[in-house]
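**Student:** Given next are the chains, with one letter for each unit.
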Amino acid sequence: MDLMDVLRAALTQALGPNAIVFALAAIGLNIHFGYTGLLNFGQAGFMSVAAYGLAVTTVMADLPFWLGIVMSFLAPILLAIVLGVPTLRLRADYLAIVTIATAEILRLIFGSVEFKEQFGGSNGITGYAKTYKDMNPYSGELDLGILRFSKDDLWSVTVGWTLVALGCLLVWLLMRSPWGRVLRSIREDEDAVRSLGKNVFAYKMQALVLGGMFGGLAGLFLALKQASVVPSDYSTNITFFAYTALLIGGAARVLGPVVGSIIFWFLIAGLGSIFNQLTDGADPILPTWLMTDTQASLVRFIVTGLGLMLLMIYRPQGIFGDRREIAIDGR
Amino acid sequence: MDGEQMTDATLPKLGALVDVPNEPGAKKPDPIVVGDDISRQFGGLRAVDVGHIEIQRGVITALIGPNGAGKTTLFNLLTGFDQPDSGSWTFNGQPIHKVPAFKVARRGMVRTFQLTKVLSKLSVMENMRLGATGQMGERWWMAPFRFLWEGQEREITERADELLVRFKLDAKKEDFAGSLSGGQRKLLEMARALMVDPELIMLDEPMAGVNPALKQSLLGHVKSLRDEGRTVLFVEHDMDMVRDISDWVIVMAQGRIVAEGTPAAVMADQRVIDAYLGAHHDTDLSDLDEAAIAEQVMTEIQEGE
Amino acid sequence: MGLRWLALLIAGFILAIPTAAFADDDPTPSESPSESSSATVDSTATPTDVTTEEPVKPSGPGIAVTLVNSSDKSKEFPKGRPLEGVTLTVIDSSGAEVGSAVTDATGLAFIPVEALDTYTVELDEDTLPDGINLNGSNQSDPVKMRLMAPTYVDFPIGATKGEKASFGDKLAQSLASGIKFGLIVALAALGLSLIFGTTGLTNFAHGELITLGGVLTYTFNRSVGLPVILAGLVAVLLSAGFGWAQDKGLWAPLRRRGTGLIAMMIVSIGFGLFLRSIFQYIYSSSTKTLSQYTTQGAHDFGIIKLADKEIAIILIATVAIAGVCVAMMKTRMGKAMRAVSDNPALAASSGMRVDSVISTAWVLGTAMSGLAGVLLAVNSQVNFLMGFKLLLLVFAAVTLGGLGTIWGALIGSMIIGIIVEVGPLFGVPSSIKEVGALVVLVLILLVRPQGILGRRERIG
Numbered sequence: 001m002d003l004m005d006v007l008r009a010a011l012t013q014a015l016g017p018n019a020i021v022f023a024l025a026a027i028g029l030n031i032h033f034g035y036t037g038l039l040n041f042g043q044a045g046f047m048s049v050a051a052y053g054l055a056v057t058t059v060m061a062d063l064p065f066w067l068g069i070v071m072s073f074l075a076p077i078l079l080a081i082v083l084g085v086p087t088l089r090l091r092a093d094y095l096a097i098v099t100i101a102t103a104e105i106l107r108l109i110f111g112s113v114e115f116k117e118q119f120g121g122s123n124g125i126t127g128y129a130k131t132y133k134d135m136n137p138y139s140g141e142l143d144l145g146i147l148r149f150s151k152d153d154l155w156s157v158t159v160g161w162t163l164v165a166l167g168c169l170l171v172w173l174l175m176r177s178p179w180g181r182v183l184r185s186i187r188e189d190e191d192a193v194r195s196l197g198k199n200v201f202a203y204k205m206q207a208l209v210l211g212g213m214f215g216g217l218a219g220l221f222l223a224l225k226q227a228s229v230v231p232s233d234y235s236t237n238i239t240f241f242a243y244t245a246l247l248i249g250g251a252a253r254v255l256g257p258v259v260g261s262i263i264f265w266f267l268i269a270g271l272g273s274i275f276n277q278l279t280d281g282a283d284p285i286l287p288t289w290l291m292t293d294t295q296a297s298l299v300r301f302i303v304t305g306l307g308l309m310l311l312m313i314y315r316p317q318g319i320f321g322d323r324r325e326i327a328i329d330g331r
Numbered sequence: 001m002d003g004e005q006m007t008d009a010t011l012p013k014l015g016a017l018v019d020v021p022n023e024p025g026a027k028k029p030d031p032i033v034v035g036d037d038i039s040r041q042f043g044g045l046r047a048v049d050v051g052h053i054e055i056q057r058g059v060i061t062a063l064i065g066p067n068g069a070g071k072t073t074l075f076n077l078l079t080g081f082d083q084p085d086s087g088s089w090t091f092n093g094q095p096i097h098k099v100p101a102f103k104v105a106r107r108g109m110v111r112t113f114q115l116t117k118v119l120s121k122l123s124v125m126e127n128m129r130l131g132a133t134g135q136m137g138e139r140w141w142m143a144p145f146r147f148l149w150e151g152q153e154r155e156i157t158e159r160a161d162e163l164l165v166r167f168k169l170d171a172k173k174e175d176f177a178g179s180l181s182g183g184q185r186k187l188l189e190m191a192r193a194l195m196v197d198p199e200l201i202m203l204d205e206p207m208a209g210v211n212p213a214l215k216q217s218l219l220g221h222v223k224s225l226r227d228e229g230r231t232v233l234f235v236e237h238d239m240d241m242v243r244d245i246s247d248w249v250i251v252m253a254q255g256r257i258v259a260e261g262t263p264a265a266v267m268a269d270q271r272v273i274d275a276y277l278g279a280h281h282d283t284d285l286s287d288l289d290e291a292a293i294a295e296q297v298m299t300e301i302q303e304g305e
Numbered sequence: 001m002g003l004r005w006l007a008l009l010i011a012g013f014i015l016a017i018p019t020a021a022f023a024d025d026d027p028t029p030s031e032s033p034s035e036s037s038s039a040t041v042d043s044t045a046t047p048t049d050v051t052t053e054e055p056v057k058p059s060g061p062g063i064a065v066t067l068v069n070s071s072d073k074s075k076e077f078p079k080g081r082p083l084e085g086v087t088l089t090v091i092d093s094s095g096a097e098v099g100s101a102v103t104d105a106t107g108l109a110f111i112p113v114e115a116l117d118t119y120t121v122e123l124d125e126d127t128l129p130d131g132i133n134l135n136g137s138n139q140s141d142p143v144k145m146r147l148m149a150p151t152y153v154d155f156p157i158g159a160t161k162g163e164k165a166s167f168g169d170k171l172a173q174s175l176a177s178g179i180k181f182g183l184i185v186a187l188a189a190l191g192l193s194l195i196f197g198t199t200g201l202t203n204f205a206h207g208e209l210i211t212l213g214g215v216l217t218y219t220f221n222r223s224v225g226l227p228v229i230l231a232g233l234v235a236v237l238l239s240a241g242f243g244w245a246q247d248k249g250l251w252a253p254l255r256r257r258g259t260g261l262i263a264m265m266i267v268s269i270g271f272g273l274f275l276r277s278i279f280q281y282i283y284s285s286s287t288k289t290l291s292q293y294t295t296q297g298a299h300d301f302g303i304i305k306l307a308d309k310e311i312a313i314i315l316i317a318t319v320a321i322a323g324v325c326v327a328m329m330k331t332r333m334g335k336a337m338r339a340v341s342d343n344p345a346l347a348a349s350s351g352m353r354v355d356s357v358i359s360t361a362w363v364l365g366t367a368m369s370g371l372a373g374v375l376l377a378v379n380s381q382v383n384f385l386m387g388f389k390l391l392l393l394v395f396a397a398v399t400l401g402g403l404g405t406i407w408g409a410l411i412g413s414m415i416i417g418i419i420v421e422v423g424p425l426f427g428v429p430s431s432i433k434e435v436g437a438l439v440v441l442v443l444i445l446l447v448r449p450q451g452i453l454g455r456r457e458r459i460g
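Order-wise, the sequence lines are chains A, B and C.
According to UniProt numbering, the stretch in the first sequence is residues 1 to 331, in order.
According to UniProt numbering, the stretch in the second sequence is residues 1 to 305, in order.
According to UniProt numbering, the stretch in the third sequence is residues 1 to 460, in order.
A couple of the hints might just be wrong.
Claimed, not checked - With beta-carbon atoms standing in for the labels, derived distance ranges:
{"hint": "1", "chain 1": "C", "residue 1": "Glu114", "chain 2": "A", "residue 2": "Phe65", "range": "40 to 50 angstroms"}
{"hint": "2", "chain 1": "A", "residue 1": "Ser139", "chain 2": "C", "residue 2": "Glu114", "range": "44 to 54 angstroms"}
{"hint": "3", "chain 1": "C", "residue 1": "Leu6", "chain 2": "A", "residue 2": "Arg315", "range": "46 to 56 angstroms"}
As the list claims (entries may be wrong) - Listed next, the in silico DSS-like pairs over lysine-lysine satisfying Cα-Cα at most 30 angstroms (straight line):
{"hint": "4", "chain 1": "C", "residue 1": "Lys389", "chain 2": "A", "residue 2": "Lys116"}
{"hint": "5", "chain 1": "C", "residue 1": "Lys144", "chain 2": "A", "residue 2": "Lys130"}
{"hint": "6", "chain 1": "C", "residue 1": "Lys335", "chain 2": "C", "residue 2": "Lys170"}
{"hint": "7", "chain 1": "B", "residue 1": "Lys27", "chain 2": "B", "residue 2": "Lys121"}
{"hint": "8", "chain 1": "C", "residue 1": "Lys309", "chain 2": "C", "residue 2": "Lys170"}
{"hint": "9", "chain 1": "A", "residue 1": "Lys133", "chain 2": "C", "residue 2": "Lys335"}
{"hint": "10", "chain 1": "B", "residue 1": "Lys103", "chain 2": "B", "residue 2": "Lys223"}
{"hint": "11", "chain 1": "A", "residue 1": "Lys116", "chain 2": "C", "residue 2": "Lys335"}
{"hint": "12", "chain 1": "B", "residue 1": "Lys215", "chain 2": "B", "residue 2": "Lys98"}
{"hint": "13", "chain 1": "B", "residue 1": "Lys173", "chain 2": "B", "residue 2": "Lys223"}
{"hint": "14", "chain 1": "C", "residue 1": "Lys144", "chain 2": "A", "residue 2": "Lys116"}
{"hint": "15", "chain 1": "C", "residue 1": "Lys144", "chain 2": "C", "residue 2": "Lys335"}
{"hint": "16", "chain 1": "C", "residue 1": "Lys433", "chain 2": "A", "residue 2": "Lys116"}
{"hint": "17", "chain 1": "C", "residue 1": "Lys309", "chain 2": "C", "residue 2": "Lys144"}
No wet-lab data here; the hints were simulated from the structure.
Ideal Cβ placement from N, Cα and C applies to all residues, glycine included.
With the hints as constraints, model all of the structure from the sequences given.
**Tutor:** In C-alpha cells:
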C-alpha cells in the first residue's frame with residue numbers, strides 16, 4: 001500500500017479540474033437550493049446544453065469558437081426559462097421532477113442514434129477546443145511531488161479557479177444585496193414575500209436562470225478541459241454528487257460549494273486510490289470474490305450515497321456550518 | 001395606551017356610517033372595497049358565498065364569525081392568495097379580482113396571516129427592510145453594485161427604525177425573528193406590513209396567541225393605524241377587542257354574511273348569538289376541504305367497526 | 001430503538017441475499033452465459049458513468065461490425081446467433097477500398113482505418129451461410145467517424161423489418177404494448193402514490209425498489225434455481241419485507257426527529273444512489289436475462305399479436321391493481337390510509353395509529369413496485385438501472401394524474417404507457433421514445449398544474 005500515491009491522487013483531484021467542475025455546478029445549486037430553496041435535480045441538464053452548445057456550434061455548424069462560447073451561455077438561460085415557466089408556480093417537488101426528467105431526456109437525445117448527425121451519438125463530439133488549448137501560456141507540467149498537473153491541466157486549473165473565484169465574488173455581492181434578501185425570504189416563506197408586494201415568480205426565475213448559468217459554466221469548463229463532449233458525462237449522478245459537495249461545504253454559504261467540492265474530491269479520489277491498490281494486480285490484497293477492480297470503482301458511489309444521507313440527517317448545515325443558520329428545514 | 005383619543009379628522013367618517021342600515025351587504029358612503037357574488041367551493045363545501053360586501057374607507061371594520069365561517073378564505077380571495085369560483089371585487093374603484101397577490105399588495109392592500117409569517121432566519125431589521133417597495137437593490141442588475149442602492153437602503157433603515165421604536169421592537173432589531181415571542185411576531189408582522197405603506201391593512205386574528213399584557217398595546221397600535229388615515233379590516237374572535245376598537249362589524253357564518261352593523265347593534269342581534277352558539281367545533285381548521293373529507297372518512301371507519 | 005436496528009439488519013440482509021448466493025458459486029463469470037456472449041454493442045444502451053467491463057472490445061481507430069442473425073435468438077445468444085466467416089470491406093469517402101476482414105466466432109469483424117472520414121461498409125453476400133439473407137442492401141449507410149476509436153456498423157439480418165404492416169395494425173399493436181407497459185408503470189406509480197399520500201415524501205429512491213424486484217427474481221431464478229414464477233413470488237415478498245424494514249429503520253426515525261420533507265427528499269436521493277451502486281456492485285452493469293420465458297412466439301389475435309408472457313403480465317398487473325384499489329375503498333386500513341393522506345393531523349387526533357398506517361403503506365407500496373420490477377424482468381431483461389430509467393416515467397405518470405391521488409396515478413400511467421409505445425408511430429425516434437411522455441408532462445403542467453385529477457387547493 002503506497003500512502004504517498006493515495007495522497008497524491010487525492011490532492012491532485014481535490015485541486016484539479018474535476019473539483020472545479022463540481023465547484024461551479026455546486027455554486028449554481030447553492031443559488032437554487034441554498035439561497036432560494038428551489039430543488040433543481042437537473043443540473044446535469046444545464047451542464048450538457050452548455051457543453052453541446054459549444055460543440056455543436058463550432059464543430060457541427062462550423063461557426064467560430066467564440067460564437068460557440070456565446071451559445072453555451074445562451075443555452076442554459078433558455079433551458080431555465082423552459083423549465084421554470086410551468087413549474088415555478090407549483091410546489092417544490094414539481095420542479096424537482098421536471099428538472100431530473102429533462103436532464104435525463106436531454107442526455108438520451110444527445111446520445112441517440114437518430115440525432116447522430118446533430119449531436120454525435122454516444123461517441124460525442126470532439127475537435128472544438130483548439131482555440132482554448134492554443135491560449136495555454138504554460139510550457140511544461142507542474143510536479144510538486146504530492147501534487148502533479150500536466151501542462152493542459154495546469155492551464156485548465158488556472159482558468160477554472162479564476163472562474164470559481166469570480167463566481168464566488170458575484171454570489172457574495174448578490175447575496176448581501178436586497179435582491180439576495182428577497183431570495184432568502186422566498187426560501188423561508190414565499191407567501192410572506194408575496195404579501196409584501198414582491199413578484200415571487202420573477203425572483204425564482206432569476207435565481208433559476210443564474211444558478212443554471214453556473215451549471216452551464218461547469219459544463220462549458222468540462223467540455224473545454226477534456227476537449228470532448230460525451231453524453232455519459234452528463235448523467236443524473238453528477239447532479240447528486242454536486243448536491244453532496246454542496247452539503248459537505250454547507251448550503252447558503254458563499255464558499256460552501258467550493259470547500260465542499262474540494263473535500264468531496266479529496267475523499268472520493270483518496271478512497272478510489274486506496275481501493276484501486278487493494279484490488280490491483282494478479283494477487284490483490286482483497287480477494288476477487290469480495291471485490292474486483294471494477295467493483296472497486298463503485299465503492300465511491302456507494303460511499304457518496306451513504307454520505308449524502310448521513311449528511312442530510314445529521315449535519316444538514318454542512319461540516320463547518322452553524323445549526324441555527326441551517327438553510328433547509330421542514331416546510 | 002388608554003388615553004387614545006379619536007382625532008377630529010376621523011370623526012366625520014365615523015359619522016358617515018351612522019346612516020348606514022344595519023343589514024347584510026349594506027351600501028356605504030365611501031367604500032374602499034366593493035365585492036359582488038364571491039364564491040369559493042372546497043370539494044362539496046361552499047366555504048365562501050358572499051352576495052355583496054363593502055368596506056368603508058378610513059374606519060376599522062371587524063370580520064367575525066364562528067370557525068369555518070369562511071373569514072380567512074374571504075381574506076385569501078380578496079388579497080389574491082386564492083382564486084374564487086366566481087365573483088368580482090374592486091379596490092379604490094379598480095377591479096382586482098384577477099390581479100396576482102403581489103400586485104394587490106403593491107396597490108396598497110396588504111394583509112397579515114393567522115399563523116404569523118415572520119422570516120425566522122432573517123433578523124428583525126431584515127424582515128422590516130424586506131417590506132419596503134420599489135427597492136433598486138432588489139433588481140438583479142443593480143444588486144451587485146452597492147453604491148446604487150446604498151442611499152435608498154439607508155432611508156429604508158431609518159423608516160424601519162422609527163416603526164420598530166413605535167412597536168417597541170427596537171431593542172430586538174439585530175435578533176433573528178425566530179427568537180421573538182408570539183405577540184412580538186404579530187407586532188413585527190404588522191410593522192413590516194406598514195413598510196409597504198398600505199391604504200388598507202388586513203389583519204388576520206391579530207390577537208391570537210398574544211399574551212394579555214401585550215393585548216392592550218396591540219389594540220392601541222390598531223387604532224393608531226386608523227388615526228393616521230389607513231383603513232383596517234380584521235378577523236377576530238376576541239369579542240372585547242371587537243367591541244373596543246371596531247367602528248363596524250360584519251358577521252359571517254357558513255360562508256355568508258349574516259349580519260352587519262355597529263358593534264353595539266351586532267352584539268345584540270339574536271342571529272349573531274345563534275351563530276356563535278351554533279358553532280360546535282373548537283379546533284381551528286384553515287383548510288376546510290381536507291378536514292371535511294378526513295372527518296367523513298373517520299365517521300365511515302367508526303361506523304364500519 | 002431496538003426495532004430500528006432490527007429493521008436495518010433485515011434491510012441489509014435482503015440486500016445481501018444476492019451476494020451470499022453468488023459467493024457459493026464459482027467466481028468465474030462463465031456461470032452466466034448471457035454476460036459473455038455476443039459483442040454486439042447496442043448504441044442505444046444508456047451509458048453509465050462508470051465505464052465498466054464490456055466484453056473484449058476492439059481498440060484503436062477502425063470500423064467494427066458484428067453480424068448476428070436476430071431471427072435465431074437463444075438463451076446463449078440473446079441478440080441472435082453470430083455469423084462466422086462473412087467478408088466485409090470498408091470503403092472510404094473517395095470510394096477507395098481501405099481494408100477488409102472476415103467475421104470471427106462471435107460474429108465480429110474489425111477493420112482498422114487511419115483517418116477520420118466517412119466510410120461505407122460492403123458485405124460480400126456470397127460468404128453468408130446458406131439460408132441467411134440480408135434484410136436490406138449489402139452496403140451500409142455512410143458512417144462518419146468522429147473519434148479515433150472503434151465505430152460500430154450494423155447489418156440487419158433476419159429481423160422482421162421486411163414485412164410491411166398497415167398503419168392500423170401497427171397502431172393496434174403499439175396500443176397493446178402501451179397498455180401492458182402502462183400497467184407496469186401503474187403498479188410502480190401506485191406504490192409511489194401510496195407512500196407519497198401517507199408521508200408526503202416524493203421518494204427518489206423508488207426506482208431502486210423496482211430494480212430490487214427484478215434483481216431478486218434474477219437471483220432466485222439463476223443462482224438458486226427456482227422457476228421464474230416462484231422466484232418472482234419470493235421477490236415480491238422480500239420487497240414487501242424491505243419496505244417494512246426501510247420504513248422502520250430509516251424513515252420512521254426521521255419522522256420522529258421532525259426532519260423536513262425537502263430534507264427527506266434529499267435523503268431519498270442518497271439512498272437511491274446507494275442502492276443503485278450496490279446493485280451494480282453485485283450484478284455488474286451488464287444486462288441479464290431470466291432462465292424462462294425469454295423468447296416466446298406470439299399468438300395472433302387478428303389485429304394484435306401477444307405472447308403468453310405478455311398476456312400473463314397484463315392479467316397479473318390488472319389483478320394486483322384492482323386488488324389494491326378495492327382494498328383502499330373497502331377495508332378499514334385502506335380508508336385509514338386515505339384519511340391519513342387527507343389530513344394527518346386530524347387522523348392522529350382522532351386516535352388512529354398513523355405510524356402503523358404509514359408502515360402498511362410502505363410495505364404495500366414497495367411490494368407493488370417490486371412486482372413491477374418482476375414483471376419488467378419477465379417482459380424484457382434485468383439491469384441495475386431498469387428501475388431508475390422507469391422512475392422518470394413513473395414520476396411523469398403521477399404528476400400527470402395529480403400527485404397523491406390513486407385514480408390519477410392509474411390514469412396517468414396508462415397515458416404515459418400508451419404515449420411511450422405509440423409515439424414512434426408518429427415520428428418520435430424510437431431509441432428515445434420516453435421523450436414524448438416528458439413533453440406531455442410539461443404541457444399538462446402548463447395548462448393544468450394540479451394534474452388531471454388533482455385538486456387545485458393542494459398546490460401551494
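**Student:** Are the hints correct? Go through all of them and say.
**Tutor:** Evaluation of the provided hints:
no.	hint	in the structure
1	C:Glu114 - A:Phe65: 40 to 50 angstroms	violated, 27 angstroms
2	A:Ser139 - C:Glu114: 44 to 54 angstroms	violated, 31 angstroms
3	C:Leu6 - A:Arg315: 46 to 56 angstroms	violated, 26 angstroms
4	C:Lys389 - A:Lys116	holds, 22 angstroms
5	C:Lys144 - A:Lys130	holds, 21 angstroms
6	C:Lys335 - C:Lys170	violated, 42 angstroms
7	B:Lys27 - B:Lys121	violated, 45 angstroms
8	C:Lys309 - C:Lys170	holds, 20 angstroms
9	A:Lys133 - C:Lys335	violated, 66 angstroms
10	B:Lys103 - B:Lys223	holds, 26 angstroms
11	A:Lys116 - C:Lys335	violated, 52 angstroms
12	B:Lys215 - B:Lys98	violated, 36 angstroms
13	B:Lys173 - B:Lys223	holds, 24 angstroms
14	C:Lys144 - A:Lys116	holds, 9 angstroms
15	C:Lys144 - C:Lys335	violated, 61 angstroms
16	C:Lys433 - A:Lys116	holds, 16 angstroms
17	C:Lys309 - C:Lys144	violated, 41 angstroms
In summary, the numbered hints that this structure violates are 1, 2, 3, 6, 7, 9, 11, 12, 15 and 17.
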